[in-house]
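Asks: Residues per chain are reported as follows:
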Amino acid sequence: MAKQSSNRATQVIEAVGSFLRRCIGSILSAGPIPKHIAFIMDGNRRYAKKQNLEEGAGHRFGYSTLMNMLKYCYELDVKYVTIYAFSIENFKRRPEEVQSTMQLIQEKIEGLIEKESIVNRYGVRVHFIGNLKLLSKPVQLAAERAMNATWHNSKAVLSICIAYTSTDEIVNAVEESCKEKQKGNEKLLDEIGEGPLIDVADVEKHMYMAVAPDPDIIIRTSGETRLSNFLLWQSARSLLYSPGVLWPEIGFWHLVRAVLDFQKNYAYTEKKSKES
Amino acid sequence: MKNIPPILETPKPLHFPDLAAMAAFSLPLHSSFTPSPFKPQLFRHLQRLKLAPHARPPVLSCGSNAAAVTGPTGNEVVVNGIPPDYYADGGSVQLPPSLQRELMPNHVAVIMDGNRRWAGSRNFPIVFGYEAGFRAFKRLIELACNWGIGTLTVFAFSSENWCRPKAETDLLMGLFERILRFELEHFMRENIRISLIGDATKLPKQLQSLLVDAVEATQNNSRLHLIVAANYSGRSDVVQACRKIAFKVKDGLIDPNDINEYLVERELETSCTDFPHPDLLIRTSGELRMSNFLLWQLAYTELYFTNALWPDFGESEFLEALCSFQQRQRRYGGNL
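Those protein sequences? They're chains A and B, same order as listed.
So the first sequence is residues 1 to 276, counted in our numbering.
So the second sequence is residues 277 to 612, counted in our numbering.
Hints listed in this document are in silico derivations from the structure and should not be mistaken for laboratory results.
Note that the coordinates shown come from a computational prediction; the quantities given were computed from them, not determined experimentally.
Glycine is no exception: its CB is placed at the ideal position from the N, C-alpha and C atoms.
Keep in mind that a hint or two might mislead.
DSS-like, lysine-lysine: derived pairs with alpha carbons at most 27 Å apart [claimed, not checked]:
{"#": "1", "chain 1": "A", "residue 1": "179", "chain 2": "A", "residue 2": "155"}
{"#": "2", "chain 1": "B", "residue 1": "524", "chain 2": "A", "residue 2": "205"}
{"#": "3", "chain 1": "A", "residue 1": "205", "chain 2": "A", "residue 2": "133"}
{"#": "4", "chain 1": "A", "residue 1": "179", "chain 2": "B", "residue 2": "524"}
{"#": "5", "chain 1": "B", "residue 1": "526", "chain 2": "A", "residue 2": "205"}
{"#": "6", "chain 1": "A", "residue 1": "155", "chain 2": "A", "residue 2": "35"}
{"#": "7", "chain 1": "B", "residue 1": "442", "chain 2": "A", "residue 2": "183"}
Some residues of chain B that are not near chain A, with every Cβ distance over 10 Å (derived) [unchecked claim]:
{"#": "8", "residue": "402"}
{"#": "9", "residue": "454"}
{"#": "10", "residue": "547"}
{"#": "11", "residue": "581"}
Now the stretches of chain B that chain A is said to cover, found in silico as 3 or more residues with beta-carbon under 8 Å [as the list claims (entries may be wrong)]:
{"#": "12", "stretch": "491-498"}
{"#": "13", "stretch": "561-571"}
{"#": "14", "stretch": "590-597"}
Given only the sequences and the hints, what does the whole structure look like? Please build it.
Replies: What follows is the structure, encoded as structure tokens:
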């Protein structure tokens with residue numbers, strides 16, 4: 001009985017919260033809403049230490065926070081969300097930590113395909129971005145299943161960067177561009193005697209992140225102001241926002257603040273994108 | 277009545293150390309000066325270990341040039357090719373008390389933003405904003421020299437700035453020419469090396485030849501390596517590296533499957549320095565973005581944003597940026 005009433009209370013609070021968020025969302029919609037927000041989810045381990053939790057628990061709290069932030073973004077009609085889940089550099093961490101993180105990632109990827117998951121609720125197509133060959137087979141297969149299951153969703157896109165660094169992405173794009181030009185120009189080279197011409201568009205089309213436009217805002221939590229090899233190419237004109245809170249502590253109001261900053265600078269960014 | 281701007285103050289002359297102090301000062305700063313058997317990646321790896329503020333870096337055996345010394349914080353610091361007494365006796369670098377010597381960045385990059393807003397807020401013509409910006413630039417060079425920063429990269433002109441009114445871009449080009457003509461002797465005296473990154477072919481011919489002369493005349497200088505980014509775009513830098521690699525693939529020198537980060541890095545325009553990755557990027561005027569500057573090279577750079585407009589950026593602002601840098605924990609994706 002007590003459990004039922006507490007569940008009911010939670011549902012009421014959640015409904016009121018959702019209603020308030022929609023009101024604020026309508027106010028924010030009076031101005032431009034960013035199309036693409038990227039998150040560097042920094043601070044899970046520090047959160048676990050701060051709360052005296054066991055190791056690995058910080059990432060689980062981080063996952064719940066991620067689900068909430070995705071909900072807030074999709075409620076605000078942000079079409080593309082990208083998250084930095086696991087960097088290639090993170091493989092240098094202690095093997096036990098890497099393994100427990102990979103297990104959590106696999107578990108949560110499988111959770112994404114469930115009926116009640118956020119991706120089905122909001123019609124989100126999921127992409128896994130990175131050098132997926134570096135992942136273990138079970139995680140790769142789970143990622144492929146999730147991508148296939150959400151392929152037909154078209155309301156929003158979630159790009160999960162896993163086994164990713166921007167420099168690796170650029171190297172891969174350079175390699176693919178060279179291979180493409182090499183194949184296409186084999187006959188031309190002898191006649192003209194010039195090398196293959198590569199431009200920005202050639203490199204961009206081979207980027208893993210070609211599935212989404214450049215991010216409007218990059219949010220990194222825990223107060224660190226650096227990109228840590230995340231979306232270096234795509235962040236050329238992005239607004240960088242680094243609140244001091246740890247990732248599991250971030251909430252709706254930080255997102256509102258980021259959107260307000262974006263709206264304040266919108267005229268400037270539009271002018272710059274027209275200039276380029 | 278039009279506001280008459282105040283008389284522009286003449287910049288203070290740089291402190292002129294004696295020859296012996298200059299030799300001791302310049303010895304540890306540049307690998308081009310200090311003979312080293314090591315590849316650039318190992319340099320960067322050692323640099324990262326040196327800068328880790330809280331971890332206790334391991335003592336590495338790095339060959340005959342290396343020495344392990346204990347820095348002021350009690351951590352062991354491996355200094356590659358630097359005489360063991362350098363830190364112990366303080367060298368000839370005079371740092372403010374709030375800065376720690378072993379945590380100083382090797383390479384600082386600056387986006388000098390806010391000159392026009394500075395002029396606009398004072399109802400001055402734009403040219404005064406740029407003149408004031410140039411004075412701030414000279415102050416920064418002086419501080420970088422005095423505080424032992426080895427490489428300084430400045431974003432002088434972006435490829436996207438060509439869309440500004442022609443009168444303004446002509447004014448800027450004229451200012452650059454004037455700076456090169458009148459300041460080159462000063463840079464020679466202060467032992468500053470100038471390098472240029474960016475597509476110089478779109479700059480006026482006269483400015484191009486002045487730049488070539490300046491780069492050639494200063495190539496053996498070693499106190500400070502000043503890299504000027506003019507008509508530069510981070511994306512174009514990566515694309516031109518890609519083109520060079522494509523030519524090598526075409527000539528059969530490289531297999532596409534062998535393309536890696538080291539190959540791309542070597543072809544970037546910043547390969548003119550042994551420390552192509554800035555440790556710290558400072559952007560003034562409150563804008564929180566990179567604006568297509570040094571994208572690849574900023575992978576693990578600490579970013580510092582200040583609301584001060586560039587002409588107002590002086591010693592206290594630079595000190596604040598460096599203090600903020602020294603408090604950061606740099607993990608490079610690894611363990612704490």
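Asks: Hints first: check each against the structure and report whether it holds.
Replies: Results for each hint:
1. 179(A) <-> 155(A): violated, 34 Å
2. 524(B) <-> 205(A): Given that 27 Å is the threshold and the Cα spacing comes to 21 Å, the pair holds.
3. 205(A) <-> 133(A): Status holds; Cα separation ~20 Å.
4. 179(A) <-> 524(B): With a Cα-Cα distance of about 12 Å, the restraint between residue 179(A) and residue 524(B) holds, given a limit of 27 Å.
5. 526(B) <-> 205(A): Distance ~21 Å between residue 526(B) and residue 205(A) Cα, so the pair holds.
6. 155(A) <-> 35(A): Holds: residue 155(A) and residue 35(A) sit about 12 Å apart, inside 27 Å.
7. 442(B) <-> 183(A): Between residue 442(B) and residue 183(A) the Cα gap is close to 43 Å, so the pair fails against 27 Å, i.e. violated.
8. 402: holds, 17 Å
9. 454: holds, 26 Å
10. 547: Residue 547(B) is indeed farther than 10 Å from all Cβ atoms of chain A, at 15 Å.
11. 581: violated, 7 Å
12. 491-498: violated (count 0)
13. 561-571: holds (count 7)
14. 590-597: Answer violated; 0 residues pass the 8 Å Cβ test.
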